[in-house]
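A.B. asks: One-letter residues, chain by chain:
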Amino acid sequence: MPLLIKILGIKVVGTAISLIVFLTKTGPGFTPITLVLHEDSVIFQSSLRKAFTKGLDEIIMSGTEVGIFYTCTFLERDQEGYITPVYEKTTYRHLVYDPALDSFQLVTDKVYHIAGTDLDRAKQEISTITAVIVPAVDIVADHKYMLKIVAALNTIEIEAIEAENFDLNVFWNFKYPSTQTKWISGENIGSL
Amino acid sequence: MSLRSRAILIFTIMSLIYTGALIAFMFYLTTTALDFWEQEEIETGLVIAVNNAPDVLRQAQAQRALKTYRQLKGLKNLYEWQIVGFSILIGVTFFVVSIIVISLVLFRITRPLRHLANVLTKTSDEYAPVQIKKPASEIAQVLNAYNTMTDQLKHSRERLKQAERIAAWRDAARIMAHEVRNPLTAIRLSVERLHKHHRDGDKKLPQLLEKSTTMILNDIGSLDRLTKEFSEFARLPVPKRAMIDMNRLITDIIKDYESYKTGITIKQDLDHSLGSVLLDKELIRRVFHNLLKNAYEAITEEKGEIRISTKQKNGSLHIEVEDTGPGIDLDIQDRIFDPYFTTKAQGSGLGLAVVNQIITEHNGSIQLNSTPGQGTLIAIQLPLISEQRSGEHNG
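These protein sequences, in sequence, are chains V and Y.
Start counting the first sequence at 34; every next residue gets the next number (my numbering).
Start counting the second sequence at -15; every next residue gets the next number (my numbering).
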């Protein structure tokens, strides 16, 4: 009986501390978007922060494919205020760990190998997104532009609990991280 | 703290303890059950199996096992949080529902008791005893006993009132008979004497007739006065309040009595800061007439003094009428304000009863302070009602 009380006490205290941490912690989010003009094209870059929890790390280390969908939308607003999307693309980047080779495979638009067992580096790679939005010539000087990015995790199969489409977004409490720029005039984009 | 509040507090504390224990127990069970999903020895064994597999098939099997193990390990923390959240939700729901149910049950239990307490308070304040609707519980026995008691109390009060009414009628009849008998006896004797002298052919009959008829008329006058006083007492009107200058009223009344009896002086000690007060002028005038008449009649010596004072104190008007008469015996002081009680040969016993009734109708109080041989003091206290509130009273 004293052992039960001791265990119960430890569990209760542990729960209380975890609950406080859980309630005070912030969810995943993006770093501010960087828009640059490179070789006559408009390129953006941003990174996800706090995207991986301890549980998600374990899922990765199990060899399960863990991927992130990045949906990028580049909006244009003309002088009359009409808004139209000039660029919309969903990019899927995923990470697969091979326990036999003890290495990570990061798949983006092209296959990319990372040697060794550096999980942090792999996570950093998958969390960073860079893409060409539009050619610079398509930017109208007196129009305004805004870029919006939304991220989401993929679904996986977990045989042990007979879950064919287990949504990994549960690790983010289904709060999809997103970010967006302010409305920037075409003239300013041209001078980036 | 009321019984209901105490019971709710105790149940709230107990529910909190139960809820906390439930959450802790659920969490303990869950984490204990999920501990299997995080065993370092199993993970190490599976990693070794993957690395040292003799062939590709066994390596694939080991990899699959390691994959399953690490997937579950990844989900463990998530499930723990979900179960903790669910436990808290269940616990809080249980807690809230418990408090609501307990409060309702306690309300139903204590409502008849509260009702009983209210009714008992009213009954003790001499309101009519009220029966209580009986609830279907153990409290019904208490209420049964109470209802029986109220029945008995009601009957007792009715019997008491009946007895008091009969006693009052007897007193009234006795006093009336006594007061009427004296002049009637005198009238009968006068008439008999006249009849005898007339039969005997007495020459002094005219003189005797003159004397006897005067006496008879005096006695009839006494009877008339007596019936008038009784009639006035029976028809004492409800006060019609108006703002009056009390000091002026007293001064006016005193003027009527200045030549009432020689050798007696009236001393005034009036509070001149006293403004107008809300009273029935005619009824208060009757109060002072009765008190002054009593005071004058009480002073049997050749010289004496009557003192009248007014004073404003603690929102009340204090009036005192004091005489230097012989005072009132201690054993009859309690009955001095009773109707038909008198120590005077010609009194109806209604003077001070009327005074008491008028003061009571004005929400005031009256007290007698008398020491035999040292005079009598009648102290009256009346509530002072401002002009602003006078409208409310009259309205």
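Everything labelled a hint here was simulated from the structure, so no lab data went into it.
Quick reminder that beta carbons are idealized off the backbone N, C-alpha and C, glycines included.
Hints are supplied without guarantee of correctness; some may be wrong.
To be verified - From the structure, some residues in chain Y lie toward chain V, with a derived Cβ separation under 7 Å:
id, residue
1, I32
2, V34
3, Q47
4, Q55
5, N61
6, Q125
7, R183
8, K187
9, R219
10, P223
11, I316
12, I320
A.B. asks: Decide, hint by hint, whether the structure agrees.
C.D. replies: Each hint, compared with the structure:
1. I32: violated, 11 Å
2. V34: holds, 5 Å
3. Q47: holds, 6 Å
4. Q55: Hint on Q55/Y: holds, closest Cβ of chain V at ~5 Å, below 7 Å.
5. N61: holds, 5 Å
6. Q125: Constraint on Q125/Y not satisfied, violated at 44 Å.
7. R183: With Cβ-Cβ at 124 Å, over 7 Å, it is violated.
8. K187: violated, 130 Å
9. R219: violated, 83 Å
10. P223: violated, 72 Å
11. I316: violated, 82 Å
12. I320: violated, 80 Å
Against the hints set out earlier in the document, violations occur for numbers 1, 6, 7, 8, 9, 10, 11 and 12.
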